[in-house]
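Chemist: Okay, so the sequence shown: first residue is 1 according to the numbering used here, each after it adds one.
Treat the hints as calculated values from the structure; they're not laboratory data. Heads up, a few of these hints could be off.
Distance ranges between label pairs, derived from CB positions [said to hold, decoys possible]:
1) Pro133 <-> Asp222: 19 to 25 Å
2) Ser188 <-> Arg225: 20 to 26 Å
3) Arg225 <-> Thr79: 25 to 31 Å
4) Asp222 <-> Gly180: 53 to 59 Å
5) Leu8 <-> Gly120: 47 to 53 Å
6) Ala176 <-> Arg210: 15 to 21 Å
7) Asp123 <-> Ala245: 41 to 47 Å
8) His39 <-> Arg74: 34 to 40 Å
9) Asp40 <-> Leu71: 28 to 34 Å
Glycine residues also receive a C-beta, built at the ideal position from the N, C-alpha and C atoms.
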Amino acid sequence: MLWVLLLLLAWTAAGTAGTRLCLAAVHAAASDADAGRAHDLTLYEAAFLSGGPRRVADLTLVSMARQRRLLLARTGWATVVDPRGRDDMERSVIGAIGPEGQSRIAPVRAAAATADAVRGIADRLVSAGLAVPDDARAGVSAAVRQVRLAAVAVVALGATALVLPAQAEMPRGLVALWFGLPLALTLSCLAVARIEVHPYSRWASPAGQRLLGALTRHSGGDERRYLTSVAVHGIRAIGEPDLRAAFAHREQQYWPD
Numbered sequence: 001m002l003w004v005l006l007l008l009l010a011w012t013a014a015g016t017a018g019t020r021l022c023l024a025a026v027h028a029a030a031s032d033a034d035a036g037r038a039h040d041l042t043l044y045e046a047a048f049l050s051g052g053p054r055r056v057a058d059l060t061l062v063s064m065a066r067q068r069r070l071l072l073a074r075t076g077w078a079t080v081v082d083p084r085g086r087d088d089m090e091r092s093v094i095g096a097i098g099p100e101g102q103s104r105i106a107p108v109r110a111a112a113a114t115a116d117a118v119r120g121i122a123d124r125l126v127s128a129g130l131a132v133p134d135d136a137r138a139g140v141s142a143a144v145r146q147v148r149l150a151a152v153a154v155v156a157l158g159a160t161a162l163v164l165p166a167q168a169e170m171p172r173g174l175v176a177l178w179f180g181l182p183l184a185l186t187l188s189c190l191a192v193a194r195i196e197v198h199p200y201s202r203w204a205s206p207a208g209q210r211l212l213g214a215l216t217r218h219s220g221g222d223e224r225r226y227l228t229s230v231a232v233h234g235i236r237a238i239g240e241p242d243l244r245a246a247f248a249h250r251e252q253q254y255w256p257d
């Protein structure tokens with residue numbers, strides 16, 4: 001009856017991991033139903049809610065390049081044309097490029113993403129109930145990893161049970177079926193997390209998602225629509241071949257994917 005003990009261990013691993021994921025998802029989704037109703041998202045805020053700090057850095061670079069205040073060469077270099085930043089993010093980008101006025105784009109993007117200006121945007125959005133706090137976001141990620149490990153553990157325990165000496169009172173096929181139940185639980189949790197938790201657990205809360213949807217429907221003039229598309233969809237929304245090529249030079253040591 002050793003397989004029964006292994007089955008209990010499998011159920012314990014699956015149940016514990018599933019419960020943790022549910023609690024983490026509830027914590028990440030918890031927000032005031034009226035959060036952000038009077039809040040008009042800026043493009044920087046939309047970029048953060050859509051893709052986090054890196055998206056804010058990308059939006060700033062694209063915006064400055066389209067205004068001809070920053071030259072982004074297709075070789076992967078950024079050159080300052082106008083050294084006067086119009087806001088904190090632009091000043092962060094110019095500062096990241098350095099006093100020589102020229103730098104590789106990859107380290108500039110990385111430095112701008114960790115600037116105080118981005119942290120200020122994050123704090124404002126969290127306070128407004130539009131962004132998921134760091135601890136909640138990390139909790140969901142850790143819970144998903146635990147469920148994945150639980151699924152692997154269930155498979156390992158089931159395989160161990162099947163290689164044990166045959167038990168006259170329980171056919172191997174039925175033993176496998178019993179272990180299939182906790183495995184189904186873990187896989188179901190992962191599927192639900194992918195559908196229900198993934199859209200907002202990374203950066204935007206449900207309230208933030210609602211504002212993002214409204215922003216894309218009412219994005220203003222052509223330039224505003226263009227930058228809104230970059231903020232929401234990232235550099236893949238860039239239309240100019242030369243500008244897109246500039247962002248293709250992504251150095252792993254600065255910008256891991």
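Chemist: Now, for every hint given, state plainly whether the structure supports it.
Modeler: Tested hints:
1. Pro133 <-> Asp222: 19 to 25 Å: The hint (19 to 25 Å, Cβ to Cβ) is violated, given that Pro133 and Asp222 are roughly 36 Å apart.
2. Ser188 <-> Arg225: 20 to 26 Å: Once the Cβ atoms are compared, 40 Å apart, the range 20 to 26 Å for Arg225 and Ser188 is violated.
3. Arg225 <-> Thr79: 25 to 31 Å: 27 Å, holds
4. Asp222 <-> Gly180: 53 to 59 Å: 56 Å, holds
5. Leu8 <-> Gly120: 47 to 53 Å: Since Leu8 and Gly120 have Cβ atoms about 50 Å apart, the given range 47 to 53 Å holds.
6. Ala176 <-> Arg210: 15 to 21 Å: 45 Å, violated
7. Asp123 <-> Ala245: 41 to 47 Å: Because 35 Å falls outside the window, the suggested range is violated.
8. His39 <-> Arg74: 34 to 40 Å: 38 Å, holds
9. Asp40 <-> Leu71: 28 to 34 Å: 31 Å, holds
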